[in-house]
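Going line by line, the protein sequences match chains A and B.
Taking our numbering, the leading residue of the first sequence gets 13, the next gets one more, and so forth.
Taking our numbering, the leading residue of the second sequence gets 103, the next gets one more, and so forth.
If you're looking for bench data, these hints aren't it; they were derived computationally from the structure.
Don't take every hint at face value.
[Claimed, not checked] Calculated Cβ distances over 12 angstroms to all of chain A for the following chain B residues:
#	residue
1	G112
2	K115
3	T125
4	S130
5	G159
6	S188
7	T190
8	A191
9	Q214
[As the list claims (entries may be wrong)] On the chain A side, residues computed to face chain B include the following (Cβ under 7 angstroms):
#	residue
10	F74
11	G78
12	F110
13	Q112
14	G113
Glycine residues also receive a C-beta, built at the ideal position from the N, C-alpha and C atoms.
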Amino acid sequence: DIQMTQSPSTLSASVGDRVTITCRASQSISSWLAWYQQKPGKAPKLLIYKALSLESGVPSRFSGSGSGTEFTLTISSLQPDDFATYYCQQFNSFSATFGQGTKVEIK
Amino acid sequence: QLQLQESGPGLVKPSETLSLTCTVSGGSISSSSYYWGWIRQPPGTGLEWIGSLYYSGSTYYNPSLKSRVTISVDTSKNQFSLKLTSVTAADTAVYYCARVVRVVYGMDVWGQGTTVTVSS
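Chain B extracted, bound-state conformation:
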């Protein structure tokens, strides 16, 4: 069945760029029925949607993060990626990738999450 796996550095220095990749296995990222999203969860708090993209490269972002976020896709590798610039301690969180069904039907498959700490 479809699986998602996040990967990337677990420690990022303040003011630098956080970069994560989500690898999709057991299915194609190029399916017309799905979008793909990034979500984060700071320690002890709730979920925050970061942004979503379609395999064509079309994206939409959380307005509160839009100026610092880029989400991109590599269909040849069945992967999509997150870049978050100018990070601070407030960006410390568990970062999840997920599949979005038909844009509006919910996120039905999630990665296990990866912890990213912003610290010098």
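The shape of chain A in the complex, shown without the other chains:
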């Protein structure tokens, strides 16, 4: 099984901060990685697919990078609407494991 490890688990930040979340895969997954945002009581929302492609309608302050085993999600200037939990998900060899999540809190 491919394991996905996100860091940090929790992140405290202020509006306007640049925020980076890391996701590491236990083996290479090429660029088959997606990032999601989830708010309490809601379904996840796709932000990034194929490691760096921005989903339609997602603000450009969100960006993704990486390949192989290490990936990052960056929010260039944190906005009030961005306080949420973020998950990575790998798609490789017909599996689709999620990372454990990173909660972005107000500092």
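Chain A is already provided as a structure; the job is to place chain B on it using the hints.
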């Protein structure tokens, strides 16, 4: 636009079988560009992928659940279903269905989720 809606019992007894259906509206489940998946989220914890299927009936499952899970499709009703056998309290969760773009491009449309509690 495409919408997904989960349905099924909200309460299941331990050792019984959990059965849920996802109804796809505003589009065809038989599109060649998409797979369809089930995901769950136990209270206060993260997301767990359960399994995915193609409209042809081809499936792939989370190895940790594979022995208890069956995902199937009914193209005539534009629905796909989840069965999870021998449930315990650990299977209590919000269950989501979602559309998977081209197998590897992410889950771009989600249902609102349905809460299933396992309790006697």
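Hint check:
1. Taking the minimum C-beta to C-beta distance to chain A, about 16 angstroms, the non-interface status of B:G112 holds against the 12 angstroms cut.
2. The Cβ of B:K115 sits about 26 angstroms from the closest Cβ of chain A, beyond the 12 angstroms cut-off, so the non-interface label holds.
3. The beta carbon of B:T125 is kept farther than 12 angstroms from every beta carbon of chain A, the shortest such distance being approximately 15 angstroms.
4. At roughly 20 angstroms from the closest C-beta of chain A, the C-beta of B:S130 stays outside 12 angstroms, upholding its exclusion from the interface.
5. For B:G159, the shortest C-beta to C-beta distance to chain A comes to about 14 angstroms, beyond the 12 angstroms cut-off, and the non-interface label holds.
6. The non-interface label for B:S188 is consistent with chain A: the shortest C-beta to C-beta separation is roughly 21 angstroms, beyond 12 angstroms.
7. Distance to chain A confirms B:T190 as a non-interface residue, since its nearest Cβ pair spans about 21 angstroms, more than 12 angstroms.
8. Chain A leaves B:A191 outside its interface by the beta-carbon criterion, the shortest separation being 21 angstroms against a cut-off of 12 angstroms.
9. Distance check on B:Q214: its Cβ comes as close as 6 angstroms (rounded) to a Cβ of chain A, failing to clear the 12 angstroms threshold; non-interface status is violated.
10. For A:F74, the interface hint is violated, the least distance from its beta-carbon to any beta-carbon of chain B being 13 angstroms, above 7 angstroms.
11. Taken as an interface hint, A:G78 does not check out: its beta carbon lies about 15 angstroms from the nearest beta carbon of chain B, beyond 7 angstroms.
12. Against a cut-off of 7 angstroms between C-beta atoms, the interface hint on A:F110 holds, since the closest Cβ of chain B lies about 4 angstroms away.
13. A hinted interface residue such as A:Q112 counts as satisfied when its beta carbon comes closer than 7 angstroms to some beta carbon of chain B; here the least separation is about 5 angstroms, so the hint holds.
14. With a cut of 7 angstroms, the hint placing A:G113 at the interface with chain B holds, because the nearest CB-to-CB distance is about 4 angstroms.
Hint compliance for this structure: hints 9, 10 and 11 are not met, and every other hint is.
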